[in-house]
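Colleague: Chain by chain, the residues run as shown.
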Amino acid sequence: MRNIIKYVAFCGKIQVKKALIKPFIVIVSLLFSMSLGIIRCFVMKASIGTESVDLLKTTVLYVILTEGLLPLLNIWGFWDISEVIRTGDICIEYTRPKTMFIKFFANFFANSFIQFVIKGIPVIIILSFIFRIDYSICISPVYFIISMCLSIILSAMWMLLLNSFTFWINDYFSYADVSYYAALFGSGMIIPLYLVPNALGKIISCTPFPYMLSKPIEIFLGQELNPFRVLLIQITYVIILLVISIIFFKKGQKRYINFGG
Amino acid sequence: MKQMKAFFFLLWLRLKIRLLDMRALISEVTIHFFGNFTAFLGYFLIVDRFHMIGDFSQPQATLLYGIVSFGFGTAKFIYSGLDSLLSNIYSGNILVYTTKPFSPLKRIGLENLRYAKIGKILEAFIVLIIAYCTGCKVSLFILFLLLISSLLFYSAVFMFYYSFIFLFLYYPTKSFEMFTQLVSGINRYPLVIFGTKFLKFFTVFFPIAFVHYLPLKQVFNGKPFSLSLLFSIIVSAMLFFITKLFLSLSYKKYLKNSFV
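In the order they appear, the protein sequences are chains A and B. Residue numbers for the first sequence follow the numbering used here, so the first one is 1 and each next one is one higher. Residue numbers for the second sequence follow the numbering used here, so the first one is 1 and each next one is one higher.
Where hints are given, some of them may not hold.
Derived, one-sided and incomplete: chain B residues facing chain A with beta-carbon distance under 8 Å [to be verified]:
id	residue
1	Ile26
2	Ser27
3	Gly42
4	Arg49
5	Ile53
6	Gly54
7	Gly92
8	Lys174
9	Ser175
10	Met178
11	Gly185
12	Ile186
13	Ile193
Covered stretches of chain A, as calculated for chain B (at least 3 residues, CB under 8 Å) [as the list claims (entries may be wrong)]:
id	stretch
14	18–28
15	34–40
16	172–184
17	192–205
Source of the hints: derived by calculation from the structure; they are not laboratory data. The structure presented is a predicted model; accordingly, all values stated were derived computationally and were not measured. By construction, the Cβ of each residue, glycine as well, lies at the ideal position given by its N, Cα and C atoms.
Okay, chain B solo, but in the shape it has when bound (with noise of 0.2 Å):
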């Protein structure tokens, strides 16, 4: 209760530093909501012209779009601060950090939240509106686990890749954003798209499809609440605590190491 208490406090603290400069942080957002919205109007606009893409209509695509961009935004927003671990490891901060009430993971991650993707995820909102209003008829509740689904996904994907900052003090960084970048690039499209053998392959050795692309289609297809919905999000929510457990352990052989 008393580590709760104490995290709030952090978080609010922070967010009052960041708000002291308002202006800085309105034109971060808006830069950041602006861009992103340019890359899907240019998607929004194939698909409108051509009313399909894969055996997606332009509201369902534009549903998947929408998703896909707030689990990844999310994820981006709350874990995109741990890329300063590897500093905090090298001038020893991370050391300083064990001593304080809750986990120095917690503690770096608050600290350098990335307030500039609120317009990710302010684009994602939009987007969902955009599905709804040019007609997609998936029901409210639905959508809030696709979005729990997606989030747990993406969050998995940041946390396995900072787990290997304590393994091997080494990160990637560029490497790492190109490929969440893929990833989340590839599931914004109905896998269908990339053909039969593509699908197998995201389907069997790369199981991306479970996470958006098979739920979807399945609620389109009349099945509300359907197996491929509950699937994926255990999938997602498997995959996030086996990689929460992996980052912890990971930490904890750190620090085994370390001279503390």
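Extracted from the complex, chain A is given alone in its bound form (with noise of 0.2 Å):
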């Protein structure tokens, strides 16, 4: 256990030296998840402003809670095993002597961490004092965070799951793509979950994507009245997605060759 600690440590020592190697993109990035913040509050300002006030002021609220905790869940891809496995490098990771997993989960949660640092923190501070944000409307914050520690491990399947995919698809790009665009709708990302239609809505909530972002956003508004549901829902899913990824991953080796064998 106190060697995986050290590992997990010693992978996002490798992320932060990753992220502060070009200073240039990580201020260009941050400003453009901001500026995209931005045009998403005044967009949801402008539909909204005239209809309701206390619905305004929780979705601009909203907006900026995805905007900044995004970067938490990389949900834009973390293709490190994908990577190995189309390069054929797959072969020296067995030599190692962590499995591909911890290195997989320590790297992933040691960039999430890194990420939403640099980024995530402060998009949520600069957004909240430009649009003068008012936090005395949220409620569970308790819950709020236990449920998003959840919805980490819950990306984290998600990708561990995608990943595993590349043993039969080599070229991962393909659904890279269709997953983001999936998981960034169904995340509320795009549009908040409780603007869109009730039949949509319904379709979504069958996904695991609105527990990654979502609902633990809608627990911390007040909207989401059961959150002990929601926490017990991402449990479920995290069980259902790590043992779907074992299988899928077992039997991606089993039909793997590679040079020598």
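Make the complex out of the two chains shown on their own, each in a separate frame, by following the hints.
Modeller: Right, here's the structure in full:
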């Protein structure tokens, strides 16, 4: 256990170095996500503005939180395993002392944390300042933090499952885009899920995506009346995705052929 | 004439090669289409729920979105092949291209056409159809002018950036992509939603309001062939030709300094 914690810390160090190797890109991407957040807030303000003040307040805060918390999820992709399968370096991975799963999760969580610190926190602070957000409307911060931790694990499981598909579809870029857009829409990044028409909302709620970002924020804003139910669903999804991805991974390993057998 | 013939022959040849792997092409285009359409769907659902956004109604906002998508998507389809200019410069291939019958820029652009972006253009057409189905009343001729103006504007943006490759032998790919996405992202919405200060900024200092928002607003106000529409086309065309000149001048400057 101690060794694993040391390994996670080591991966964290590498991720920090990776992130800071090009400070210009970090600044540009921070400005980009901030600008996107501002545009989304203005769009919401312009559309809801005259309808209801409470709805507007909640929605602007929802938009800011989604923009700030998104880096935690690595939703645009974490394809470490896919890359080693595609290039054939997976054979080298088997010779390493730590399993590929531990390496994947260590890198994933370390990257999430670093991206959140570099991008997420500044975006939340600056946008809250620009739009003069009143955080007194928020409730259940404890449930929110627990739910957010679970949603990071859920996102990691989802990415692990997608990574294991590379054993069958070598060109993972093709489904990476599909999964990215599905996750973006389903997690409420494009439109808050409580504004989606009922029928579409019901379809989306059958997928794990709303439990990655939208539901934790809804708990925080007091829109989700039963936070315990959300936590339970998140845990169920984590277990299901973990089991499926392990099955896929094991089956993929069996059919994998490279130089040397 | 000979050059034109060679150009179209190469275009036909490249297309034929790409069509050999039909399945990959279709899947690329489909993925791109659905990705872009998802983003539009979110916007459409919001505007549909609240009926208005800024001073535009739902069909008007959808039309604006479609026009920007068309201009941006088509410019990306044509020009983003020039992303490989820098690698061509470093490998020395660009000097080999100078011996060919037409300009290396045309050749590199042609060889690297981003066929996946057809999905984006397809999305733009579907958005435009939705705009007309939901009750947009803009004549097709004016729509055509607006599409041309949009295409010229985004082509100018792309060419301006590519000229930096020759001038500085450096190309900030990621930041450039973010910038173009941001410009098209802002343009997709009626600029009045950003408030009067931002509207002033987009009219005076960074005049993108003249390209889409102001001409469309005049058209929707019942002036079918307004001054701002003409102004938009002239501004976009001027930008296009200036940046084209800038690109070819920077290319010539690069050739002068290289060992040909």
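Colleague: Each hint needs a verdict: does it hold in this structure or not?
Modeller: These are the hints, each one checked on the structure:
Given the 8 Å rule on beta carbons, the hint for isoleucine 26/B is violated: about 11 Å separates it from the nearest Cβ of chain A. Residue-level restraint check for serine 27/B holds (minimum Cβ-Cβ distance to chain A is 6 Å; threshold 8 Å). The beta carbon of glycine 42/B comes within 3 Å of a beta carbon in chain A, closer than 8 Å, and the hint placing it at the interface holds. For the restraint placing arginine 49/B at the interface with chain A, the shortest Cβ-Cβ distance is roughly 6 Å, inside the 8 Å limit, so the hint holds.
At about 5 Å, the closest approach between the beta carbon of isoleucine 53/B and any beta carbon in chain A falls short of 8 Å, and the interface hint on this residue holds. Because the closest C-beta pair between glycine 54/B and chain A is about 5 Å apart, less than 8 Å, the hint holds. Among the interface hints, the one on glycine 92/B is violated; its C-beta lies about 26 Å from the nearest C-beta in chain A, farther than the 8 Å criterion. The closest approach between the C-beta of lysine 174/B and any C-beta of chain A is roughly 6 Å, which is under the 8 Å cut-off, so the hint is satisfied.
Given hint, serine 175/B at the interface with chain A, holds; its Cβ is 4 Å from that chain's nearest Cβ, closer than 8 Å. The interface hint given for methionine 178/B holds, since its Cβ lies 4 Å from the closest Cβ of chain A, which is under the 8 Å cut-off. Evaluation of the glycine 185/B hint against chain A yields a held restraint, the C-beta minimum of about 6 Å falling below 8 Å. Residue-level restraint check for isoleucine 186/B holds (minimum Cβ-Cβ distance to chain A is 7 Å; threshold 8 Å).
Annotation: interface hint on isoleucine 193/B holds; nearest CB of chain A at approximately 4 Å, less than 8 Å. Residues of the stretch 18–28 of chain A with a Cβ under 8 Å from some Cβ of chain B number 3, which satisfies the need for three, so the listed coverage holds. Coverage of the stretch 34–40 of chain A by chain B holds [criterion: at least 3 residues with CB-CB distance below 8 Å; count 3]. Coverage of a stretch by a chain is defined here by at least three residues with a beta carbon nearer than 8 Å to that chain's beta carbons; for the stretch 172–184 of chain A and chain B the count is 7, and the condition holds.
With 4 residues having a Cβ less than 8 Å from any Cβ of chain B, the stretch 192–205 of chain A passes the three-residue criterion, so the hint holds.
The structure is inconsistent with the numbered hints 1, 7, although it conforms to all the rest.
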